[in-house]
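Asker: Each chain is listed here by its residues.
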Amino acid sequence: AQSVTQLDSQVPVFEEAPVELRCNYSSSVSVYLFWYVQYPNQGLQLLLKYLSGSTLVKGINGFEAEFNKSQTSFHLRKPSVHISDTAEYFCAVSDHGDSSYKLIFGSGTRLLVRP
Amino acid sequence: GAVVSQHPSRVICKSGTSVKIECRSLDFQATTMFWYRQFPKQSLMLMATSNEGSKATYEQGVEKDKFLINHASLTLSTLTVTSAHPEDSSFYICSAPSGGKQETQYFGPGTRLLVL
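Listed in order, the protein sequences are those of chains F and L. Residue numbering for the first sequence follows our numbering, starting at 1 and increasing by one per position. Residue numbering for the second sequence follows our numbering, starting at 1 and increasing by one per position.
Simulated from the structure, these hints should not be mistaken for laboratory data. Glycine included, each C-beta is placed from N, C-alpha and C at the ideal position. It is possible that part of the hints are untrue.
[Said to hold, decoys possible] Under the rule of at most 27 Å between Cα atoms (straight-line distance), these lysine-lysine pairs were calculated in the DSSO-like manner:
id: 1; chain 1: F; residue 1: K49; chain 2: L; residue 2: K41
id: 2; chain 1: L; residue 1: K64; chain 2: L; residue 2: K41
id: 3; chain 1: L; residue 1: K20; chain 2: L; residue 2: K41
id: 4; chain 1: L; residue 1: K66; chain 2: L; residue 2: K20
id: 5; chain 1: F; residue 1: K102; chain 2: F; residue 2: K58
id: 6; chain 1: F; residue 1: K102; chain 2: L; residue 2: K64
id: 7; chain 1: L; residue 1: K14; chain 2: L; residue 2: K64
id: 8; chain 1: L; residue 1: K66; chain 2: L; residue 2: K14
id: 9; chain 1: L; residue 1: K41; chain 2: L; residue 2: K14
id: 10; chain 1: F; residue 1: K102; chain 2: L; residue 2: K20
id: 11; chain 1: L; residue 1: K14; chain 2: F; residue 2: K102
id: 12; chain 1: F; residue 1: K102; chain 2: F; residue 2: K49
id: 13; chain 1: L; residue 1: K55; chain 2: L; residue 2: K66
id: 14; chain 1: L; residue 1: K64; chain 2: L; residue 2: K20
id: 15; chain 1: L; residue 1: K20; chain 2: F; residue 2: K49
id: 16; chain 1: F; residue 1: K69; chain 2: F; residue 2: K58
id: 17; chain 1: F; residue 1: K102; chain 2: L; residue 2: K55
id: 18; chain 1: F; residue 1: K69; chain 2: F; residue 2: K102
[Unchecked claim] Listed next, the stretches of chain L that the computed footprint assigns to chain F, with coverage defined by at least 3 CB atoms under 8 Å from CB atoms of chain F:
id: 19; region: 65-78
id: 20; region: 102-116
[As the list claims (entries may be wrong)] Computed, partial: chain L to chain F, Cβ under 10 Å:
id: 21; residue: V4
id: 22; residue: Q6
id: 23; residue: H7
id: 24; residue: S9
id: 25; residue: R10
id: 26; residue: I12
id: 27; residue: T49
id: 28; residue: F91
id: 29; residue: C94
id: 30; residue: S95
Between the sequences and the hints, there should be enough to build the whole structure, so can you do that?
Answerer: Below you can see the structure in the form of structure tokens.
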């Protein structure tokens, strides 16, 4: 069965500093990987996704993530964060072969950007 | 990207009443939609998969008679919380897959339900 682990429940960081949010997954099959951001009392917005091809994926708002198959990781990074990046970030995985396209979510990481 | 809407955004109801939440795909068709539940400071929990033209598929532990799902058209799915109780208070979010291989989920803005 698939699972997603986000080890850090909260990551505090100062404005303009770099940040990395960690995501590891377990799966016996090929997967699609996603990062979503959720602002308070809102739905989820897609940041970026890895489907195939280049392992370095660039998304919106200056975020990027790198798929590492050997380490089963898909960490999210941003070289310089803004106050407005404060939000909850969810990593998710779905099975290539699952026609239902169900998403399995991690527990989320709260990014707290301080001035 | 694809846009998904939900209505209402917030609802307050009395215990024992039923509440209907709508999920619409605005600029694409969705034969499948997903309903999630999110408790405060927690991740999303998949409740059920809504299938256009057939019965919904419920996840283990989700009462299908309490959470009625109807996928009326290729752009509309509804979730009805029947005989709501305070413990049903939560944030309900729907999503629909789109993209070249239908692999990407697009999420609605969510519905905050408070049962008094």
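Asker: Indicate, hint by hint, whether the structure satisfies it.
Answerer: The hints, checked one at a time:
For the hint linking F:K49 to L:K41, the alpha-carbon distance of about 24 Å falls within 27 Å, and the restraint holds. For the hint linking L:K64 to L:K41, the alpha-carbon distance of about 25 Å falls within 27 Å, and the restraint holds. Between the alpha carbons of L:K20 and L:K41 the distance comes to roughly 24 Å, so the proposed pair stays at or under 27 Å and holds. The hinted pair formed by L:K66 and L:K20 meets the criterion: a straight-line CA distance of about 12 Å does not exceed 27 Å.
For the proposed pair F:K102 and F:K58, the alpha carbon gap of about 23 Å is at most 27 Å, so the pair holds. Proximity of F:K102 to L:K64 is assessed by CA-CA distance (about 18 Å); at most 27 Å being required, the pair is judged to hold. Distance check on the hinted pair: L:K14 and L:K64 sit about 21 Å apart at the alpha-carbon level, within 27 Å; holds. Taken as a hint, the L:K66 and L:K14 pair is honoured in the structure, with Cα atoms around 16 Å apart against an allowance of 27 Å.
Taken as a hint, the L:K41 and L:K14 pair is honoured in the structure, with Cα atoms around 24 Å apart against an allowance of 27 Å. Restraint check: the Cα-Cα separation between F:K102 and L:K20 comes to about 23 Å, which is no more than 27 Å; the hinted pair holds. A distance of roughly 33 Å separates the Cα atoms of L:K14 and F:K102; the hinted pair therefore is violated under the 27 Å criterion. Proximity of F:K102 to F:K49 is assessed by CA-CA distance (about 15 Å); at most 27 Å being required, the pair is judged to hold.
A hinted pair counts as satisfied when its Cα atoms are at most 27 Å apart, and L:K55 with L:K66 qualifies at roughly 15 Å. Note on L:K64 and L:K20: the hinted pairing holds, with a Cα-Cα distance of about 14 Å set against a maximum of 27 Å. Between L:K20 and F:K49, the direct Cα distance comes to roughly 32 Å. Violation of the 27 Å bound is thereby established for this hinted pair. For the suggested pair F:K69 and F:K58, the alpha carbons sit about 17 Å apart, so the restraint of at most 27 Å is met.
For the suggested pair F:K102 and L:K55, the alpha carbons sit about 17 Å apart, so the restraint of at most 27 Å is met. Distance restraint check for F:K69 and F:K102: the Cα-Cα separation of roughly 21 Å lies within the 27 Å cut-off, and the hinted pair is therefore satisfied. Counting residues of the region 65-78 of chain L whose CB falls under 8 Å from any CB of chain F gives 0; the rule of at least 3 is not met. Given as covered by chain F, the region 102-116 of chain L passes the check, having 10 residues with a CB less than 8 Å from a CB of that chain where 3 are the minimum.
Among the interface hints, the one on L:V4 holds; its C-beta lies about 8 Å from the nearest C-beta in chain F, closer than the 10 Å criterion. About 8 Å separates the beta-carbon of L:Q6 from the nearest beta-carbon of chain F, less than 10 Å, and the hint is met. The beta carbon of L:H7 comes no nearer than 13 Å to any beta carbon in chain F, farther than 10 Å, and the hint placing it at the interface is violated. The criterion of a C-beta within 10 Å of any C-beta in chain F is met by L:S9, whose closest approach is roughly 9 Å, and the hint holds.
Interface hint at L:R10: satisfied, since its Cβ lies 9 Å from the closest Cβ of chain F, which is below the 10 Å cut-off. The beta carbon of L:I12 is not positioned within 10 Å of any beta carbon in chain F (closest approach about 15 Å), and the interface hint is therefore violated. A distance limit of 10 Å between C-beta atoms decides the matter here; for L:T49 the minimum to chain F is near 6 Å, and the interface restraint holds. Because the beta carbon of L:F91 sits about 8 Å from the nearest beta carbon in chain F, less than 10 Å, this interface hint is met.
Because the beta carbon of L:C94 sits about 8 Å from the nearest beta carbon in chain F, less than 10 Å, this interface hint is met. Interface hint status for L:S95: upheld, as the beta-carbon distance to the closest one in chain F is roughly 8 Å, under 10 Å.
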